[in-house]
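So the protein lines, in turn, are chains A and B.
Taken in order, the first sequence gives residues 1 to 673; the numbers are from this note's numbering.
Taken in order, the second sequence gives residues 674 to 907; the numbers are from this note's numbering.
Keep in mind the hints are simulated off the structure, nothing from the lab.
Please note that a few of the clues may not be correct.
Unchecked claim - Calculated cross-link-like contacts (lysine to any residue; reagent style SDA-like; alpha-carbon spacing at most 20 Å): (1) B:Lys881 - A:Tyr551; (2) B:Lys880 - A:Asn547; (3) B:Lys776 - A:Lys483; (4) A:Lys574 - A:Asn653; (5) B:Lys881 - A:Leu552; (6) B:Lys880 - A:Ala528; (7) B:Lys884 - A:Met494; (8) A:Lys483 - B:Ser779; (9) B:Lys776 - A:Val506; (10) B:Lys776 - A:Asp492; (11) B:Lys776 - A:Asn547; (12) B:Lys881 - A:Asn547; (13) B:Lys812 - B:Lys880; (14) B:Lys776 - A:Leu496; (15) B:Lys776 - A:Arg52; (16) B:Lys880 - A:Tyr551; (17) B:Lys881 - A:Ala528; (18) A:Lys483 - B:Lys880; (19) B:Lys776 - A:Leu552.
What the hints assert, rightly or not - Just some of the chain A residues that point at chain B, by a computed CB distance under 8 Å: (20) Leu516; (21) Ser519; (22) Thr520; (23) Glu521; (24) Leu522; (25) Asp524; (26) Glu525; (27) Glu529; (28) Val562; (29) Arg667.
Unchecked claim - Far from chain A, some chain B residues (derived; all Cβ distances over 12 Å): (30) Leu678; (31) Glu715; (32) Pro731; (33) Met748; (34) Ala755; (35) Lys812; (36) Ala819; (37) Glu865; (38) Val868; (39) Arg872; (40) Phe874.
The beta-carbon is built from N, C-alpha and C at its ideal position, and this holds for glycine as well.
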Amino acid sequence: MRRCTDRADLYAHSSQNRMGYRTHEHILVCLSSAPSNEKIIRTAVRMASAFRCGLTALFVETKEFQRISQTDKERLQNNIHLAQQLGASFETIYGDDIAYQIAEFSRLSGVTKIVLGQSGISHRMPFRKPYLTDRLIKLIPELDIHIIPDNGTNDRFAAKHREIIRLPTLSILDLLKIALLLVLATVIGFLFYHLGFTEANIITLYILGVMLVSISTKSSVCSFIASLASVLTFNLFFTEPRFSLHAYDSGYPVTFFVMFLASLLTGSLASKLKSHAKRSAQVAWRTKLLLETNQNLQKARTQEEIISVTAKQLLKIFQRDIIAYRIQEEKPVMPEIFLANSTASPERYISEKEREVVQWVITNNERAGAGTENLSDSCCTYLSIRTGKQIYGVVGIASSDKPLDSFETSILLSVLGESALALENQKNLEEKEAAAVLAKNEQLRADLLRSISHDLRTPLTSISGNASNLLSNGDLFDAQTKKQMYTDIYDDAMWLINLVENLLSVSRLEKGRMNLHISTELIDEVVAEALRHINRKSSEYRLHVQNSEEYLLAQIDAKLIVQVIINIVDNAIKYTPAGSEIDIKWKQKGNYIYISIADNGPGISNQAKPHIFDMFYSASNQIADSRRSMGLGLALCKSIVNAHGGEIMVADNLPHGSIFTFSIPTREVELHE
Amino acid sequence: MNKPLILVVEDDTPVRNLITTTLKAHKYRFLTAANGELAILEASSHNPEIILLDLGLPDMDGVEVIHKVRSWSNMPIIVISARSEDTDKIDALDAGADDYLTKPFSVEELLARLRVTQRRLSALQIGSMNTDAVFTNGKLKVDYAAGCAFLDNQELHLTPSEYKLLCLLCKNVGKVLTHTFITRQIWGRSWENDVASLRVFMATLRKKLEKEPGSPQYIQTHIGIGYRMMRVES
Chain A
1 MRRCTDRADL
11 YAHSSQNRMG
21 YRTHEHILVC
31 LSSAPSNEKI
41 IRTAVRMASA
51 FRCGLTALFV
61 ETKEFQRISQ
71 TDKERLQNNI
81 HLAQQLGASF
91 ETIYGDDIAY
101 QIAEFSRLSG
111 VTKIVLGQSG
121 ISHRMPFRKP
131 YLTDRLIKLI
141 PELDIHIIPD
151 NGTNDRFAAK
161 HREIIRLPTL
171 SILDLLKIAL
181 LLVLATVIGF
191 LFYHLGFTEA
201 NIITLYILGV
211 MLVSISTKSS
221 VCSFIASLAS
231 VLTFNLFFTE
241 PRFSLHAYDS
251 GYPVTFFVMF
261 LASLLTGSLA
271 SKLKSHAKRS
281 AQVAWRTKLL
291 LETNQNLQKA
301 RTQEEIISVT
311 AKQLLKIFQR
321 DIIAYRIQEE
331 KPVMPEIFLA
341 NSTASPERYI
351 SEKEREVVQW
361 VITNNERAGA
371 GTENLSDSCC
381 TYLSIRTGKQ
391 IYGVVGIASS
401 DKPLDSFETS
411 ILLSVLGESA
421 LALENQKNLE
431 EKEAAAVLAK
441 NEQLRADLLR
451 SISHDLRTPL
461 TSISGNASNL
471 LSNGDLFDAQ
481 TKKQMYTDIY
491 DDAMWLINLV
501 ENLLSVSRLE
511 KGRMNLHIST
521 ELIDEVVAEA
531 LRHINRKSSE
541 YRLHVQNSEE
551 YLLAQIDAKL
561 IVQVIINIVD
571 NAIKYTPAGS
581 EIDIKWKQKG
591 NYIYISIADN
601 GPGISNQAKP
611 HIFDMFYSAS
621 NQIADSRRSM
631 GLGLALCKSI
641 VNAHGGEIMV
651 ADNLPHGSIF
661 TFSIPTREVE
671 LHE
Chain B
674 MNKPLILVVE
684 DDTPVRNLIT
694 TTLKAHKYRF
704 LTAANGELAI
714 LEASSHNPEI
724 ILLDLGLPDM
734 DGVEVIHKVR
744 SWSNMPIIVI
754 SARSEDTDKI
764 DALDAGADDY
774 LTKPFSVEEL
784 LARLRVTQRR
794 LSALQIGSMN
804 TDAVFTNGKL
814 KVDYAAGCAF
824 LDNQELHLTP
834 SEYKLLCLLC
844 KNVGKVLTHT
854 FITRQIWGRS
864 WENDVASLRV
874 FMATLRKKLE
884 KEPGSPQYIQ
894 THIGIGYRMM
904 RVES
């Protein structure tokens, strides 16, 4: 049997999985700085909306990226921006092997379709590397790859690329470094020569020099120049005839050539190593930052906290002033400002104009402010914290002379993305909690109705029955019986009145604290008022009320607190034998007044104590007429006292009986004479 | 004492029957009206001495009826309201009603209110003759001209605020005065702090006035509404 269910479970699970695989399409679009990329993005967006699925825009940053022209960088930024605006989430990954990076990313993030552009086949040259798509297909054969052909626009793009190759220039500093290292190598070479070491050692020395050059300089041309120069100096100083560029030995040209190649290769390898190290350091830093952001965000509980954590993190990363706005009903609320330099004045960030820019960001769901095409005359760049169309907040970053580079932008976007996710989670959680509270209230209401309809019937039966008896055969009863019947009718009606009063209080409490009519009341008056409404059996009990010298004022909803006292005193009357003593006292402690109502009845058992304030709990098995206890009274008292910010508790009275104590906030008053 | 003519304005028949039966049993003369319009008509044509007015009328707001009646007459009005109309009650008192009853009320309560109002009526009739310098109520005597008050012929030592409060209550004897009304009369404004001070002054005044603070004889407290000076038979 059990195995059977297990198998059914497993089946359901696996079939669900398979279904999930099919239904959860996720499209990945690859971004580039190509002008035609815009078309690709739009196509991908159309596909995503047709499939009703998520869309991720991916940019693979290679080391060539550092060298592309400013216009290309701008175009890339625009493309990223466009993708985000159309609802895609943006990711950047780093690596030289684009195909491999795309494949890895797709596999990890559950992408099902890839959209990318490719220029026409006619451009293909025999020695070109295999196309990106060919490699992708090889790496991830299970994914659909949609290729959008690039044409026309690409020629211009290619021309730009050729232009770039000429770009690298030499700086004076680099040339000096080359010269210094060569001189050093030559000096040590002379030393070796005099010590009688072979030429091979000197050649190795030069290669080492070239390697050092390529590590310490920026341009890749340097290692080429250095290689060439070392071959020439070697020829000049160390080959026969020395101090001339001639070489007698017929083997030398080969030696020179091999030496040149060796030094060139070493040099370029070294520079590659260097750029790798730099990029992996950047990636590590970025990962660390994002991890830290993530951890901090997880600790944040409220919307305010999340946004303030985000802003603090951005401040730490960029060292610029950060302005964070929360959004309520499509309007920005008072911002939190984090200054990089605490002495600076935040005035300029909260002007009316800045606020308008923020409002624009919210309305258009697009970034604006300094450094963007929209409202660029403000002093900050404003970006929204959002998931899809839902905006949770706006973050402003103070502009400075240096605009954010693409690495910084990508970090900024990642942090904002993390923040948006945290906000979304928080919002979902809140909604879930609200739903749970609603469900609980619903449950309470249902319980209440059930309990009431049951409890109403009994007294109503007695009232209507007695009344109809008196109506139809009133003459048949003697005076004594009639009086008994009238008393019953009266008692039951009074009980109903009390019930209705309690229910009214419940309904007022349910509407929340806003519904309390708080006023300043004298405790003596409140207690006196309550005692006028208690059960008329109270004459059989000995009631003592404290006669205080000082006047204690409380900040309360008088009607409700009167109800609390009535309920507790009525309970005392109900659960104690006639003739018991009931003591009402109060005293002030700190900001609260503690009112205690003590009786010397049988007391409350320890098992019952934790439950007496629960709704619908009643210690009814102890008393005969259990129908009279609905278990509403004390629960209501607790709700009322809690709504006032006080607490209610029960303790044992000595030698027997119980003491109910509750606290209500006090108020000091200045007297105007 | 001559039983006054009472106008009962109540749209709910069972409650109206309850009131009229009670009145009949205690030999009061009465008229009835089931809505506001009829009430104003009856009040103007028969000139009753007391009006019992339900606030929740089908055709108009009870407070409106009070305003209309007050435009020509000073006859005592006792409003009857359900508990949910708590603020209406205060509005009605501020509009000029003299007293109030909250549903559900007991027959004894109704009769007690009527007796209070009757005493107030007779006091008014005497008072109109002598709007004089000395007010007496049971053992309490206030000499407005001399600016001092006596209880059992012993002078009461009152602070200025207490004295002002006492005068205000005495001048409106039998009538429920709302907190707002009292604070406006004494301080010219009704801030939260004034209402709080009022509580304290009232408590100290009462301490000097009442022999038994637990069951006050002169000043009655209406929690959440206001205070009233009771007419005490000497």
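Evaluation of the provided hints:
{"no.": "1", "hint": "B:Lys881 - A:Tyr551", "result": "14 Å, holds"}
{"no.": "2", "hint": "B:Lys880 - A:Asn547", "result": "11 Å, holds"}
{"no.": "3", "hint": "B:Lys776 - A:Lys483", "result": "24 Å, violated"}
{"no.": "4", "hint": "A:Lys574 - A:Asn653", "result": "17 Å, holds"}
{"no.": "5", "hint": "B:Lys881 - A:Leu552", "result": "18 Å, holds"}
{"no.": "6", "hint": "B:Lys880 - A:Ala528", "result": "15 Å, holds"}
{"no.": "7", "hint": "B:Lys884 - A:Met494", "result": "32 Å, violated"}
{"no.": "8", "hint": "A:Lys483 - B:Ser779", "result": "18 Å, holds"}
{"no.": "9", "hint": "B:Lys776 - A:Val506", "result": "18 Å, holds"}
{"no.": "10", "hint": "B:Lys776 - A:Asp492", "result": "16 Å, holds"}
{"no.": "11", "hint": "B:Lys776 - A:Asn547", "result": "31 Å, violated"}
{"no.": "12", "hint": "B:Lys881 - A:Asn547", "result": "15 Å, holds"}
{"no.": "13", "hint": "B:Lys812 - B:Lys880", "result": "15 Å, holds"}
{"no.": "14", "hint": "B:Lys776 - A:Leu496", "result": "13 Å, holds"}
{"no.": "15", "hint": "B:Lys776 - A:Arg52", "result": "61 Å, violated"}
{"no.": "16", "hint": "B:Lys880 - A:Tyr551", "result": "11 Å, holds"}
{"no.": "17", "hint": "B:Lys881 - A:Ala528", "result": "18 Å, holds"}
{"no.": "18", "hint": "A:Lys483 - B:Lys880", "result": "42 Å, violated"}
{"no.": "19", "hint": "B:Lys776 - A:Leu552", "result": "30 Å, violated"}
{"no.": "20", "hint": "Leu516", "result": "12 Å, violated"}
{"no.": "21", "hint": "Ser519", "result": "7 Å, holds"}
{"no.": "22", "hint": "Thr520", "result": "4 Å, holds"}
{"no.": "23", "hint": "Glu521", "result": "7 Å, holds"}
{"no.": "24", "hint": "Leu522", "result": "5 Å, holds"}
{"no.": "25", "hint": "Asp524", "result": "7 Å, holds"}
{"no.": "26", "hint": "Glu525", "result": "5 Å, holds"}
{"no.": "27", "hint": "Glu529", "result": "4 Å, holds"}
{"no.": "28", "hint": "Val562", "result": "6 Å, holds"}
{"no.": "29", "hint": "Arg667", "result": "6 Å, holds"}
{"no.": "30", "hint": "Leu678", "result": "30 Å, holds"}
{"no.": "31", "hint": "Glu715", "result": "31 Å, holds"}
{"no.": "32", "hint": "Pro731", "result": "23 Å, holds"}
{"no.": "33", "hint": "Met748", "result": "28 Å, holds"}
{"no.": "34", "hint": "Ala755", "result": "10 Å, violated"}
{"no.": "35", "hint": "Lys812", "result": "22 Å, holds"}
{"no.": "36", "hint": "Ala819", "result": "21 Å, holds"}
{"no.": "37", "hint": "Glu865", "result": "7 Å, violated"}
{"no.": "38", "hint": "Val868", "result": "6 Å, violated"}
{"no.": "39", "hint": "Arg872", "result": "5 Å, violated"}
{"no.": "40", "hint": "Phe874", "result": "7 Å, violated"}
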